[in-house]
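S.K.: Construct all of the structure, not just a fragment, from the sequences and the given hints.
Read top to bottom, the protein sequences are chains A and B.
Residue numbering for the first sequence follows my numbering, beginning at 1 and increasing consecutively.
Residue numbering for the second sequence follows my numbering, beginning at 1001 and increasing consecutively.
Keep in mind that the hints were calculated from the coordinates and are not lab data.
Ideal Cβ placement from N, Cα and C applies to all residues, glycine included.
A hint or two may mislead.
[As the list claims (entries may be wrong)] Listed next, the stretches of chain B that the computed footprint assigns to chain A, with coverage defined by at least 3 CB atoms under 8 Å from CB atoms of chain A: (1) 1022-1030; (2) 1050-1057; (3) 1125-1134.
2 protein chains.
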Amino acid sequence: MDISAVNALSYEDFVNTFGNVVEKCPVITAAVWSRRPFVSLNALEAAISDFIDELPESGKEGILRCHPDLAGRDLQRGTLTRESRQEQAGAGMDALTSGETERMARLNEVYKKRFGFPFVICARMNDKANILRQLSESCQNERAVERARGIEEVKKICRLRLQSLLLTDGANKL
Amino acid sequence: MDISAVNALSYEDFVNTFGNVVEKCPVITAAVWSRRPFVSLNALEAAISDFIDELPESGKEGILRCHPDLAGRDLQRGTLTRESRQEQAGAGMDALTSGETERMARLNEVYKKRFGFPFVICARMNDKANILRQLSESCQNERAVERARGIEEVKKICRLRLQSLLLTDGANKL
Chain A
1 MDISAVNALS
11 YEDFVNTFGN
21 VVEKCPVITA
31 AVWSRRPFVS
41 LNALEAAISD
51 FIDELPESGK
61 EGILRCHPDL
71 AGRDLQRGTL
81 TRESRQEQAG
91 AGMDALTSGE
101 TERMARLNEV
111 YKKRFGFPFV
121 ICARMNDKAN
131 ILRQLSESCQ
141 NERAVERARG
151 IEEVKKICRL
161 RLQSLLLTDG
171 ANKL
Chain B
1001 MDISAVNALS
1011 YEDFVNTFGN
1021 VVEKCPVITA
1031 AVWSRRPFVS
1041 LNALEAAISD
1051 FIDELPESGK
1061 EGILRCHPDL
1071 AGRDLQRGTL
1081 TRESRQEQAG
1091 AGMDALTSGE
1101 TERMARLNEV
1111 YKKRFGFPFV
1121 ICARMNDKAN
1131 ILRQLSESCQ
1141 NERAVERARG
1151 IEEVKKICRL
1161 RLQSLLLTDG
1171 ANKL
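M.R.: As C-alpha cells, this is what we get:
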C-alpha cells in the first residue's frame, strides 16, 4: 500500500487498518487522520509521534498503561493483541524457562509498583537477555526518565508496526 | 463500590473496570489514574472531562471516530461493545423498521462525509424519533459545532457508564 492509498482511506478503514500501531490506543490513529494527506510513511509516523508528544504527562502514562506486561498474564492467557503476541514471541518471551518467567514476573511487579505503569520495550529490537537486563536496570531509574524511555519505545514499536502494515499485510488487506 | 475502593485499585484493575467509559478509549481512563485520589464520583468524571477538554481538536475528533454508527454495521454484525449494545437497544436502535434503518444509514453517511466523524448522541437519554430528528438537523451544522456537540454527548455517555459501574455492576465485580 503506498501513501496515496493510505490518504484515500475513510477514517473507518484507516482506524481498522492502523488502529493498533500504538497498543490499544485507536484514538491516536483516529486523531491523526485529521492531519491527512501524509506525504510519506515518515510523515504519518511523525504525526503520531507529534500527537503523543503533545499529550500531558498523564496521557503518556496512560499510553504506557495500555501495554501488556512482557511475558505476563495476557501472554499466558492468550489475550495479547495479535501484534503483541508476535512481538513477544519474536523476542522469546513465550519460551522462557521457569526461572526466567519467575524473574520477569518479579521484576515487572517491582517496576509497576515503583512507577505506576508497565515496563515497555520494543521486543522486536531486543532479545530475551537484553530485555531482562534493561528491565532490571530500569527499576532503578527515576519515574520521569522511565516515562520518557517507555514513550520512545512506544514510538519504535509504532514505526515497526506501521512498516509491517504498509509493506506487507496492509497491501494484502486493502 | 465507593470512591475509596476506586482509589485503591491498581492501574490494571482501574482500566479493566472503567476502560470503556469513553468508547474504545482506555488510554483516557488509564491517563486519569495518574490523578488519584478522587474525592467522589464527580471528581473522577471531572478528571476525564478535563483530560478530554485539554486534547487538541484532532484528539477530540479521534474520540468521536472511535464511536460506532447508530444502528450501523457494528450493531448488525454484533460487534458493538457491551455498553454500546445495551445503549443502542435501549433507544430502540435494534428494532427499527426497514424504512427507519434505511433513513438512519443514509443520514449517517451524509453526516460522516460532511464531518469526517460519526454522529454521536447519548442514546440512553433519547428515543428513536428524537435521535433521527437530531441526526437530520445536525447534518446542517458547522463542523466545529458538531465536534463540540458530539464531545458533550461523549461526556454524558461517560457519566452514565460510570454511574452504572459504580452503583451496580462495579459493586458486584470487585
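S.K.: If you count the residues of the stretch 1050-1057 of chain B with a beta-carbon closer than 8 Å to a beta-carbon of chain A, do you get 3 or more?
M.R.: Three-residue rule met by the stretch 1050-1057 of chain B, so holds; n is 5.
S.K.: Mind checking, does the stretch 1125-1134 of chain B have 3 or more residues with a CB under 8 Å from chain A?
M.R.: violated (count 0)
S.K.: Between the stretch 1022-1030 of chain B and chain A, are there enough contacts, at least three residues with CB-CB distance under 8 Å, for the coverage claim to hold?
M.R.: holds (count 7)
Comparing the model with each earlier hint shows a violation of hint 3 alone; every other hint is respected.
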